[in-house]
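Trainee: Spelled out, the chains give:
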Amino acid sequence: MIDDPEDDLRDRFARQRRCDQENAPAWRAELLHAPVRRPRGASWRWVPLSLATACVALAALLISHRPGAEPSLSNLPPLFDSRDGELFAGLDPAFPAFEAPSDFLLPTHLNLHLP
Amino acid sequence: MERDIADQLETLHPDAFGWALHCCGGDQARGEDVLQNAYLKLAQEKARHDGGSSFKTWWFGVIRLTAMEEHRRQRYRESLVGKLLAFFIEEPHPAPSRAVEVKERHEELRRCLGQLPARQAEVLHLVFYQDLTINEAAQVMKIGVGSARQHYERGKARLRTLLQPGLSHD
Numbered sequence: 786m787i788d789d790p791e792d793d794l795r796d797r798f799a800r801q802r803r804c805d806q807e808n809a810p811a812w813r814a815e816l817l818h819a820p821v822r823r824p825r826g827a828s829w830r831w832v833p834l835s836l837a838t839a840c841v842a843l844a845a846l847l848i849s850h851r852p853g854a855e856p857s858l859s860n861l862p863p864l865f866d867s868r869d870g871e872l873f874a875g876l877d878p879a880f881p882a883f884e885a886p887s888d889f890l891l892p893t894h895l896n897l898h899l900p
Numbered sequence: 076m077e078r079d080i081a082d083q084l085e086t087l088h089p090d091a092f093g094w095a096l097h098c099c100g101g102d103q104a105r106g107e108d109v110l111q112n113a114y115l116k117l118a119q120e121k122a123r124h125d126g127g128s129s130f131k132t133w134w135f136g137v138i139r140l141t142a143m144e145e146h147r148r149q150r151y152r153e154s155l156v157g158k159l160l161a162f163f164i165e166e167p168h169p170a171p172s173r174a175v176e177v178k179e180r181h182e183e184l185r186r187c188l189g190q191l192p193a194r195q196a197e198v199l200h201l202v203f204y205q206d207l208t209i210n211e212a213a214q215v216m217k218i219g220v221g222s223a224r225q226h227y228e229r230g231k232a233r234l235r236t237l238l239q240p241g242l243s244h245d
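Just so you know, the protein sequences line up as chains A and B, in that order. Here the numbering used here is used: the first residue of the first sequence is 786, the next is one more, and so on. Here the numbering used here is used: the first residue of the second sequence is 76, the next is one more, and so on.
Treat the hints with care, since some could be wrong.
[Unchecked claim] SDA-like cross-link-like pairs, simulated, lysine to any residue; straight-line CA separation at most 20 Å:
#1 K121/B with I80/B
#2 K121/B with Q103/B
#3 K116/B with D796/A
#4 K131/B with A811/A
#5 K116/B with D90/B
#6 K231/B with G219/B
#7 K231/B with R795/A
#8 K131/B with R802/A
#9 K231/B with D796/A
#10 K231/B with E791/A
#11 K231/B with W812/A
#12 K121/B with A814/A
#13 K131/B with A809/A
#14 K231/B with L794/A
[Claimed, not checked] What follows is a list of derived Cβ distance ranges for each label pair:
#15 G136/B with L843/A: 46 to 54 Å
#16 E85/B with V841/A: 50 to 58 Å
#17 M143/B with A845/A: 41 to 49 Å
#18 L836/A with S128/B: 46 to 54 Å
#19 D793/A with R152/B: 37 to 45 Å
#20 D793/A with G136/B: 25 to 33 Å
[Unchecked claim] To list a few chain B residues with every Cβ distance to chain A over 10 Å, as calculated:
#21 H124
#22 W133
#23 N210
Source of the hints: derived by calculation from the structure; they are not laboratory data. C-beta: ideal position from N, C-alpha, C; glycine also.
In isolation and in its complexed conformation, chain A is listed as follows (with noise of 0.2 Å):
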C-alpha cells in the first residue's frame, strides 16, 4: 500500500476543520432574514458629541442674534476730546519748521507749511 504523500497535509487540515466547526455558530434559519449587523454601540457613541455641537451651535446663534446686543452710537464712549480753536493754535510760534532735503521732490500740494 503506497502513502499518499499529501495525507499528512490532509490530516493538519481535517483537525483544523473539526476545530472550526466545533466553534462555529448555529445555524439559524433566520439568518436568511436577520439584518445587517453593526458595530454595537457605534450609533449611541455619536450621541454625546452630536449633543454637544448642537449645543455650542445654539449658543453661538443666541450670543451674535441677542436683541438689542449692537450698542448705538450715541452710547461709544468718546475717544478724544478735541477743543475748538485754530488747528496747531498751541504749537510754539518760535519752534524752527523742518525741511527734509528732499521736499524738493515733492509736489507743492503735498508740502506742509506750519504757522
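Given the structure of chain A, go ahead and fit chain B onto it with the hints provided.
Mentor: Just chain B, lined up with the frame of chain A:
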C-alpha cells in the same frame, strides 16, 4: 427563498463558516459577520445562483467576495480618516476571555497559511479543507485552472516547509 436552497445552505453552513473564517484570516467575529452578510445577499436576492456552476462553488464565491468587501471596509477603518473617526467612535474590543479564545484558535496551520500568498492559501484551503477539486477551487477564486494548479503546487511545497518544526515560528 426556495426551500431547497435553504436546505443546501444549512448543509453547507459549517464549511461555509470555515471558508469565511479563512477569508478573514481566522478572525471569528469578522468571519461570522461576513457569513451573515453573505446570507443577507441571498435573502435580498442580490446574489442568485444561475446554475452555471455547482451551488457550493457559487456560494463560496459569494462568501469570498463578501469577505473582500469587508476587508476593504476594514482597511478604510484603519486608514487615517478611519483612525480620526475611531477617536470619537471607538469600536468595542473583544472581551478578554474572547480575545484569549481567539488567540488560542490561531493554530500553527493557520499561522503558516497566513504566511503564504493569499491565492496559494485559498487554493490549499479549498482543496484540503473543503475537499474541492482544483477545477472547483479555480471557479470559486475566479481564476483559470492552470493558474490555480500552479498556486496549489507552490503553496503545498511552501506550506510543508513552513510546517517543519523550527521553521514555522514567528
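Trainee: Please go over all the hints and tell whether each is borne out by the structure.
Mentor: Quick rundown of the hints versus the structure:
A threshold of 20 Å between alpha carbons decides the hint, and for K121/B with I80/B the separation of about 15 Å falls inside it, so the pair holds. About 25 Å separates the Cα atoms of K121/B and Q103/B, which puts this hinted pair outside 20 Å; it is violated. In summary, the hint linking K116/B to D796/A is not supported, as the alpha carbons are separated by about 34 Å, beyond the 20 Å threshold. Taken as a hint, the K131/B and A811/A pair is honoured in the structure, with Cα atoms around 19 Å apart against an allowance of 20 Å.
Under the criterion of a C-alpha separation no larger than 20 Å, the hint pairing K116/B with D90/B is consistent with the structure, at around 18 Å. Distance check on the hinted pair: K231/B and G219/B sit about 18 Å apart at the alpha-carbon level, within 20 Å; holds. Between K231/B and R795/A the CA atoms are separated by roughly 11 Å; this keeps the pair inside 20 Å, and the hint holds. Our distance criterion of 20 Å between C-alpha atoms is met by K131/B and R802/A, whose separation comes to about 17 Å.
Proposed proximity of K231/B and D796/A is supported: the alpha carbons are some 14 Å apart, at most 20 Å. For a cut-off of 20 Å, the pair hint linking K231/B to E791/A stands: about 9 Å separates their Cα positions. For the proposed pair K231/B and W812/A, the alpha carbon gap of about 32 Å is over 20 Å, so the pair is violated. For the given pair, K121/B sits about 18 Å from A814/A by alpha-carbon distance, which is consistent with the 20 Å threshold.
With a CA separation close to 18 Å, the supplied pair K131/B and A809/A stays within the 20 Å bound. For the hint linking K231/B to L794/A, the alpha-carbon distance of about 8 Å falls within 20 Å, and the restraint holds. Distance hint for G136/B and L843/A: a CB-CB separation of about 52 Å, consistent with the stated range 46 to 54 Å. Here the CB-CB span from E85/B to V841/A is close to 53 Å, well matched to the stated 50 to 58 Å.
The supplied range of 41 to 49 Å is met by M143/B and A845/A, whose beta-carbon atoms lie about 45 Å from each other. The hint said 46 to 54 Å for the Cβ distance between L836/A and S128/B, and at roughly 52 Å that hint holds. Between D793/A and R152/B, the C-beta spacing of about 38 Å keeps the proposed range 37 to 45 Å intact. A C-beta distance of roughly 29 Å is found between D793/A and G136/B, which places it inside the suggested range of 25 to 33 Å.
In this structure H124/B is separated from chain A by more than 10 Å, as the shortest Cβ-Cβ distance comes to about 14 Å. For W133/B, the shortest C-beta to C-beta distance to chain A comes to about 16 Å, beyond the 10 Å cut-off, and the non-interface label holds. At roughly 17 Å, the least C-beta separation between N210/B and chain A is larger than 10 Å, which holds for a residue marked as non-interface.
Violation of the numbered hints given earlier is confined to hints 2, 3, 11; the remaining hints are satisfied by the structure.
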